[in-house]
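Visitor: Read off the chains here:
Protein chains: 2
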Amino acid sequence: MNVRMFLGDALVDAVAWDDRGLAYGESLFETMRGHRGRVPWWMAHMVRLRRGAEALAMPLPDAARMQQEAEALLDGGVGVLKLQLTRGGGMRGYAPASDAPPFWMLSRHPLPASVDALDAIWCETRLAAQPRLAGLKHGNRLEQVLAGAEVRAAGVDEGLMRDGEGHAIAATAANLFILADGRWRTPRLQSCGVAGVMREWALGELEADIATLTPEAVETADAVFLCNAVRGILPVRRLGAKAWPQVHPEIRDLQARLARAQPGFDPSQEAS
Amino acid sequence: MNVRMFLGDALVDAVAWDDRGLAYGESLFETMRGHRGRVPWWMAHMVRLRRGAEALAMPLPDAARMQQEAEALLDGGVGVLKLQLTRGGGMRGYAPASDAPPFWMLSRHPLPASVDALDAIWCETRLAAQPRLAGLKHGNRLEQVLAGAEVRAAGVDEGLMRDGEGHAIAATAANLFILADGRWRTPRLQSCGVAGVMREWALGELEADIATLTPEAVETADAVFLCNAVRGILPVRRLGAKAWPQVHPEIRDLQARLARAQPGFDPSQEAS
Chain A
3 MNVRMFLGDA LVDAVAWDDR GLAYGESLFE TMRGHRGRVP WWMAHMVRLR
53 RGAEALAMPL PDAARMQQEA EALLDGGVGV LKLQLTRGGG MRGYAPASDA
103 PPFWMLSRHP LPASVDALDA IWCETRLAAQ PRLAGLKHGN RLEQVLAGAE
153 VRAAGVDEGL MRDGEGHAIA ATAANLFILA DGRWRTPRLQ SCGVAGVMRE
203 WALGELEADI ATLTPEAVET ADAVFLCNAV RGILPVRRLG AKAWPQVHPE
253 IRDLQARLAR AQPGFDPSQE AS
Chain B
3 MNVRMFLGDA LVDAVAWDDR GLAYGESLFE TMRGHRGRVP WWMAHMVRLR
53 RGAEALAMPL PDAARMQQEA EALLDGGVGV LKLQLTRGGG MRGYAPASDA
103 PPFWMLSRHP LPASVDALDA IWCETRLAAQ PRLAGLKHGN RLEQVLAGAE
153 VRAAGVDEGL MRDGEGHAIA ATAANLFILA DGRWRTPRLQ SCGVAGVMRE
203 WALGELEADI ATLTPEAVET ADAVFLCNAV RGILPVRRLG AKAWPQVHPE
253 IRDLQARLAR AQPGFDPSQE AS
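Protein sequence lines correspond, in order, to chains A and B. If you're matching positions, the first sequence starts at 3 in my numbering and goes up one per residue. If you're matching positions, the second sequence starts at 3 in my numbering and goes up one per residue.
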């Protein structure tokens, strides 16, 4: 089976019934792209995981052990690698015990098929404002589950989510970039949203601005793409009634730069 | 072990590693007080569970089977009974599969010690506004976990939580009622908070108003109590700098009415 579970340093064979990730979503996760037995952006994922663990005052497993187990699971190949980390077992009651060893789990999944461009909708489900959790990839994901159901019902590839004030924040499982007036912009994530590893890379490559984005700004943009650390740079072809029939050359250029920086994102390399 | 796990109709001996309750907090739960082998408010808990399942489009296990298993676990005795229900196993990705059988779990725990009155604080962690999830007892509870850590650090019994606009909503694990101008009031829960089974009972008994409550309204109230379906009616003795040294006679009266209506909440009955 392509999954390994641990409690602290020890390999275990099941999730504990009283796991606080299961009870309360008291967990963090990272979804990573593995390539030739390695996770090229391992360090960036670990930086975000550590930020989440600090915000939730959760203990972290040994960093070298996590990486060693991740690479063992990849076994020289490619795939999506998911790392889940929970508070571990605990009493009934919200206040966490500080002494439980963390539960963590690695699972390996097939790479998603590459696509040329995505069709998207605006989801009705909004992202609630919670500054203490904003930016983190934590396990409280009911908003994304509800929005994901909207996406599936609409028969499209992704859905853009707004905050309570109506500003565009992100897709259900990807960050959002738009090109307007010759500048790339991506939404502020102080109140909600996940600060993605690929967003971080694209911010630097594009010298993009972090801005408040209205839905109108997205719909009137010259180009729109979504991104995440598994699927790379994903041009948006359609958003509701609005269409961008041609992938913008600046998006093609960014994809090429990504494939050079990280060969794991080069579609021609996928089988290796 | 005082726990039983099921996948649909079948008894299972472990939580699946790909359970969506574990991955995303895609779950619902009920925490109930068992008395003499029964859960007196079973039906009220099931009404709320059903409301949650509808909101999350989650399938429910057979109702008679859940009750039968709950009573088997109580084995004629008293205790806290926790029912957790998740979406079950699933693919990676937010959109839920519709065909997985639900995972559910019953666990029995000792009754908490009864207390005469509680000391509370105002928590800094706010409750985010999410109308699609408000009122439900779902498994996305990181806000309560963060607030619970504040309560523990302060060395008090409970913490009151406000929404993003600063209005008082609830305690971390209980609903809130205040007495002012001869009327009982409890906060509106359209945007956040859990609509408790005991809140429902107290609303009817007290002919209380559902209102927007400022922290000042709470602090200047003639009496304040918290309530939940495990611990009953809990007078607040202290809230930060404000104190109510004597339990208000109307709270004592409500406690007596509860003990008559549900002998499981009569402290003198606890051992039976």
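Some hints could be false.
Said to hold, decoys possible - With the C-beta cut set under 7 Å, the calculated list includes, among others, these residues of chain B facing chain A:
#	residue
1	Val17
2	Leu144
3	Val147
No lab work stands behind these hints, which were simulated from the structure alone. Don't be surprised by glycine CBs; every beta carbon is placed ideally from N, CA and C.
Visitor: Indicate, hint by hint, whether the structure satisfies it.
Guide: Structure-based check of each hint:
no.: 1; hint: Val17; result: 4 Å, holds
no.: 2; hint: Leu144; result: 5 Å, holds
no.: 3; hint: Val147; result: 5 Å, holds
Figure legend: structure checked against the earlier numbered hints; every hint is met.
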